[in-house]
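Colleague: So the chains spell out like this:
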Amino acid sequence: MSGAASLTGPAGGANAARRRRQTAIAWTFAAPFVIIFAMFMVLPIAASLGFSFTDLTAQDVRTPFNVDVVGLRQYADVLTDPRFQHAAGVTAVFVLAGIPLTVALGLALALALNSGVRRFKPVYRVAFYAPVVTSVVAVSVIWRHILARDGLLNMLLALVGVQGPDWLNSTTWALPSLVLMAVWRNAGTLMVIFLAGLQSIPPAVMEAAAMDGAGPWRRLRSVTLPLLRPAMLLGGVLISVGYLQFFEESFVMTQGGPLESTLSLTYYTFNTFGFGDFAKASAASYLMFVVIAAVSLVQFRLLRRAT
Amino acid sequence: MRYRSAVAVLAGLATAAALTACGRSAESPGQAQPSSTVAAKATGRITMWAMGTEGELLPAFLKTFEAANPGVKVDVTAVPWDSSYQKFQTAIASGNVPDVAMMPGLPVFKDAFAPVPEAVRTADMYPGAVATGTMGGRLLEVPWYVDVRVLYYRTDLARKAGWDRPPATWDELRRLAGDLRKKAGAKWGIRLPAGMTGSFLSTLWMPWSNGGELMNAGRSAWTLDTPEFAAAYEYLASYFEQGLADANADPAPAAAVKDFLTGATPMLVAGPFVRGAITQSAGDAFTGKYATVPLPAGKSSTSFVGGANLVVFKAAKNPGSAWKLVQWLSEPSTQVAWYRASGDLPAVRSAWQDPALTADPTLAAFAEQLKTAKAPPQLVSFDKVGAAGDSAIERIVKGGTPVADALRQLQQQADGIGVS
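So the protein lines, in turn, are chains R and G.
In terms of the numbering used here, the first sequence has 326 at position 269, counting the first letter as 1, and numbering is strictly consecutive.
In terms of the numbering used here, the second sequence has 97 at position 94, counting the first letter as 1, and numbering is strictly consecutive.
Just so you know, the hints here were simulated from the structure itself, not pulled from any lab data.
In this text the structure is predicted, and so the values were computed from the model without any measurement.
Heads up, some of the hints might be wrong.
[What the hints assert, rightly or not] Covered stretches of chain G (in silico footprint by chain R; criterion: 3 or more residues with CB under 8 Å from a CB of chain R, positions within the stretch not fixed):
{"id": "1", "stretch": "156-170"}
{"id": "2", "stretch": "375-387"}
{"id": "3", "stretch": "395-409"}
Just so you know, even glycine gets a beta-carbon here, dropped at the ideal spot from N, CA and C.
Take these sequences, add in the hints, and give me the full structure.
Modeller: As structure tokens, then:
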């Protein structure tokens, strides 16, 4: 937009007037959305950013402007809170374990559907994608029953003579259980992205590789995976933003326990809001926003280099 | 690019406006109290919010009040429990409050409540219940109904285990729990909270019965790292160490009732709600199989009292008539009628003399327990201290942290949270 003015010289005056008129019309059409967006999204977001520099709590809801500005104290409080640090660690484990596993499973499913499975392809596609579109709360409730002490999983393990742990009540197993559930749930998204990526690989390249004597494994490693890298990075960004904010799983299944072993950053923020510490919770939200933005930025840099 | 900068300018302006307008004034607004008075006769329209079952039953129940006060119309809005906190918050922030509301404590909103006028008598109410409505030394909420914890136990299984009388002391309670497992085939002896939300509150009867206090006499500091608390938590932990209580029990209230009915966990410490749940799922036939008794005594038998109160908001549009309604709801005869309608236990002492309540053998324990039951201080910070207490209990029970260490840590956290 800003370049438009310099391009149109004195000769293009009529052109410029037309453009201005068009712009005005466009704004008029966009106005209903812009106004609503500004009122219900931009203002609250700006307000929460502002409040993160104050000492606002639930007691101030009647007089939200009657609070003290405390600068960065809320941010310092959050960063030095051992529970926040613990929650950051839990979230890091969840992300670092979850993303590679999800990518691997999504890739395996996509490869299988692309070349291995011959019949009932749509059925499989729907089956693997179904968890993505199912409500995460519903899924969590079902998984809580599967992972219960005398639940389905332990019944199956008992059939082969293994005494399974009480998954969700064990400090060792609760977080891995949630990671596995998230992997199962999100692999479908990546599968769809990877399938699209696989289908865009020209068959000629594959044939050429086969002619050169590359076996299936070699073709996968040297042809398919490098050509799939843009799709993999895109999938990685999409999934990591979701994983960094993981919340519903532990909210429904473990309430952050046992012994806070599944307390995520979002859960920490949620609890802080729950105690009415609005300013501190806003500060925690913005810290998380910075982390998510940074992670996404790094991934986009990688993505740009690869393409 | 221009759009983005416009948005940025907008956001910046809003932030700047918000920040420049900030600053806590010494006087909080609304310090000038509107005088609370009770109208001689309720008139006009009274709006009322109530949660859960109460919200459903009130419209029919209030017909009597409307008949006694011609020209008055009470509009009851049923508010779901889950969203009640947010609803009150929004209402108070926007100034669009009802006249009267059912209020489960929530001292965080205390600045929005009008002080209770003298004419609404609370002298005949249980002291523990009155304490739940007292904030900052002033009565802001009128007790409506009470929820007090007593011991439920399966008399049939206890008899099988060789007990024909209820446990009276802490030591007896633990022995009965053991006998129920060994001799009566119960899976667990008793259900005790192991650190889930609410554990600290639900086990407060232990430190209290052991002479512990949450705060010092001047209410200027938390006193959680005391020998009384330590001994009480050692006692709590012993149930889990000896396998008498299940640290990983399903925390849902329905699960507690189910395990009680099947006999898997034949003892629990719970409020009056469980009576109703038992009758509802097992019918009257089950009444002979269990009993409610006062909590076994340590140095004393001191239970926890909660429940719900009634408030009139400062911003109420019809305050005089609203107080009239609150006054009517706290009359002994109304309290008995409300017990009949809802099963909620009266907060007014004399209502307990009514045959409707004295006839029910399972209520005697509640009447007894209410005389001495206590409420935690109504402070905003108590929510956080309670949550810290929950995790202290979890560390003791599930994490194997020594009681002394967990309490020292809890005391530090509580000191950090403060007493506001």
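Colleague: If a hint holds in the structure, say so; if it doesn't, say that too.
Modeller: Taking the hints in turn, this is what the structure says about them:
1. 156-170: violated (count 0)
2. 375-387: Coverage by chain R holds for the stretch 375-387 of chain G (3 residues, Cβ < 8 Å).
3. 395-409: holds (count 4)
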